[in-house]
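Colleague: The task is simple: from the sequences and hints, build the whole structure.
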Amino acid sequence: MNKRTKMYKGMNLTIFTLVMVFLYVPILILMIYSFNDAKIITGWKGFTFKYYMELRKSEALKAAFWNTMLIALLSTFISTTLGVLAALGLENKSFSGRKVMQGLIYVPLVIPDILMGVSLALLFNFTKANTGMFTVLIAHITFCLSYTIIVIQSRLEGFDYSLVEAAQDLGAKPSYIFWKVKFPLMMPGIIAAALLAFTLSIDDFIITFFTSGRGFDTLPIYVEGTIRRGTITTINSLSTLMIAFTLFLVAITKRVRKIMISAL
Amino acid sequence: MHKERQQHIAEKAAHHKNISSWLLTLPSLIWLSIFFLIPYFIVVLYSFLTPGTLDVKFEVSLDSYRQIFDGVYYKPFLNSFLLAIYTTIICVLLGYPVAYFIARAREKVRNTLLIFIIIPFWTNLIIRIFSWRIFLAYNGVMNNLLTNMGLISQPLEIIRTDWAVILVTVYVYLPYMILPLYSTLEKLDFTLLQAAMDLGANEVKAFFSITLPLSLEGIFAGTLLVFIPSLGSYLIPQLVGNQKSLYIGQVITYKIKNIPRNWPMASALSLILLLLVAVLLLIMYYLFKRHQRSKRRRYE
Chain A
1 MNKRTKMYKG
11 MNLTIFTLVM
21 VFLYVPILIL
31 MIYSFNDAKI
41 ITGWKGFTFK
51 YYMELRKSEA
61 LKAAFWNTML
71 IALLSTFIST
81 TLGVLAALGL
91 ENKSFSGRKV
101 MQGLIYVPLV
111 IPDILMGVSL
121 ALLFNFTKAN
131 TGMFTVLIAH
141 ITFCLSYTII
151 VIQSRLEGFD
161 YSLVEAAQDL
171 GAKPSYIFWK
181 VKFPLMMPGI
191 IAAALLAFTL
201 SIDDFIITFF
211 TSGRGFDTLP
221 IYVEGTIRRG
231 TITTINSLST
241 LMIAFTLFLV
251 AITKRVRKIM
261 ISAL
Chain B
1 MHKERQQHIA
11 EKAAHHKNIS
21 SWLLTLPSLI
31 WLSIFFLIPY
41 FIVVLYSFLT
51 PGTLDVKFEV
61 SLDSYRQIFD
71 GVYYKPFLNS
81 FLLAIYTTII
91 CVLLGYPVAY
101 FIARAREKVR
111 NTLLIFIIIP
121 FWTNLIIRIF
131 SWRIFLAYNG
141 VMNNLLTNMG
151 LISQPLEIIR
161 TDWAVILVTV
171 YVYLPYMILP
181 LYSTLEKLDF
191 TLLQAAMDLG
201 ANEVKAFFSI
211 TLPLSLEGIF
221 AGTLLVFIPS
231 LGSYLIPQLV
241 GNQKSLYIGQ
251 VITYKIKNIP
261 RNWPMASALS
271 LILLLLVAVL
281 LLIMYYLFKR
291 HQRSKRRRYE
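Protein sequences appear in the order of chains A and B.
For the record, in the first sequence the residue sitting at position 25 is 25 according to the numbering used here, with numbers rising by one throughout.
For the record, in the second sequence the residue sitting at position 10 is 10 according to the numbering used here, with numbers rising by one throughout.
It is worth saying that the hints were derived from the structure and are not from the lab.
Don't be surprised by glycine CBs; every beta carbon is placed ideally from N, CA and C.
Treat the hints with care, since some could be wrong.
Said to hold, decoys possible - Computed from the model, here is a short list of chain A residues facing chain B with C-beta under 10 angstroms:
#1 Lys9
#2 Leu23
#3 Leu30
#4 Ile32
#5 Phe95
#6 Phe124
#7 Ile191
#8 Ile202
#9 Thr231
#10 Ile235
Modeller: And the structure:
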């Protein structure tokens, strides 16, 4: 390795380090400041657990938390189920509706989120639907569905059919082959899809903002409202807990992470 | 006779397979038709109606389009467009070396490094934006630090400027650029690079004639993932930007949410934004196809 190659390598390392600092410093400071004994954004005023205790008192926050979980679990379950079915249907390369279906799956991904929010808001207005849990759930399933289909489909494309064929040669029944051979092989893809849907759902602000009525807040909506009203003391501690939850998710999903990245 | 029968059976099997494909995809097809496709027809319909204070009046009007073509909203569109361009360029410039560095690291180290990109990717968007408010605020961490170090005498006012919007947008979408770039770079055959250098090309030349062309697909994917959401972004300018310079996502949201509402205008603006995205996608598609064609030619 000559000197210049080393220099370029050093440059990459430097940029990598700077980007890491850039990505992590704001989050770390937020976490540290969640223990700061101050009501407004200011310097360090001493250590406290006060704002974590305050979190437990807020009924609105508790409601927002359970709403988020309910919507995330239901939309994950429904969009993943629909995704498995659609991906199995799309496995057939000579399927006559393949092009239409692929279009319907990919187009939502390349359109800004806000447009899905606007269009759903108008749909619910036009049909005089009562906005609330039900409309939010519909919206979340809609934006998760493309992702779940694509992740499961990409897993099926890299599929090793020799095991399925071996089972066929040995005379196993189709239903047996599906449940005992194929489905277990699909499982990592399904878990990756479900995980992606879950994180997309708990993360979403804008589409929920357009489709939830008054009185149905999810966590991001609650956080935004609190920031807007200026009472930000508990936001730091709440954010720290949410970041801890992200770390937990990253830690328990070592195996499926690769599938998610390669599907991107 | 035997052959014909076999063919008949094969055709029948293909037919059955096609029907089962329809049945399996039908639920998703219906779902996306009702909740993705049809709503856009309603957006088109509403864009030709008259605004009411809380709702729309079902009277046909071209006012929304007239105002748009009179240039009333050209500024927010321009702001968003420039934001998306700046963000994408900065993300490529910062993301490329990072993705390259990870892709060339040893396999064990690689996975650990990737986690560092994935954690922000999975962290809640609103929290990540909010963290910059603490960092950049007038009395925030950065200003305190810089004043204490004696580098500045007065706190910098970065928060609530267009600079803050660009900075935070880059921050939010950088992982969306790094991950697809990494995916293509990881598959790249680096022995080609070595070969070029053995044949006398220097690093810069080897990079521009081998690495960069072979990783263009990752740049395309990353650009899509960064450019489009920045173009429609609402939350970032809303939380760290300035009410004097609005972005198109904010204008659309205000027209839908704030009273007096103007849903026809929000619809018309949404359709213009959609059109803009469609044109961009077509350009990208054209460039991508051309790139693939020239790549194929080179290998033939």
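Colleague: Hint by hint, note whether the structure agrees.
Modeller: Hint check results:
The closest approach between the C-beta of Lys9 (chain A) and any C-beta of chain B is roughly 8 angstroms, which is under the 10 angstroms cut-off, so the hint is satisfied. Among the interface hints, the one on Leu23 (chain A) holds; its C-beta lies about 5 angstroms from the nearest C-beta in chain B, closer than the 10 angstroms criterion. Residue-level restraint check for Leu30 (chain A) holds (minimum Cβ-Cβ distance to chain B is 4 angstroms; threshold 10 angstroms). Checking Ile32 (chain A) against chain B by beta carbon gives a least distance of about 9 angstroms; that is within 10 angstroms, so the hint holds.
A least Cβ separation of about 4 angstroms between Phe95 (chain A) and chain B falls short of the 10 angstroms threshold, and the interface hint therefore holds. About 9 angstroms separates the beta-carbon of Phe124 (chain A) from the nearest beta-carbon of chain B, less than 10 angstroms, and the hint is met. A distance limit of 10 angstroms between C-beta atoms decides the matter here; for Ile191 (chain A) the minimum to chain B is near 15 angstroms, and the interface restraint is violated. Taken as an interface hint, Ile202 (chain A) checks out: its beta carbon lies about 7 angstroms from the nearest beta carbon of chain B, inside 10 angstroms.
The restraint placing Thr231 (chain A) at the interface with chain B is violated, with a minimum CB-CB distance near 13 angstroms, outside the 10 angstroms limit. Satisfaction of the interface hint for Ile235 (chain A) is found here, the shortest Cβ-Cβ separation to chain B being roughly 6 angstroms, below the 10 angstroms cut-off.
Figure legend: structure checked against the earlier numbered hints; hints not met, in rising order: 7, 9.
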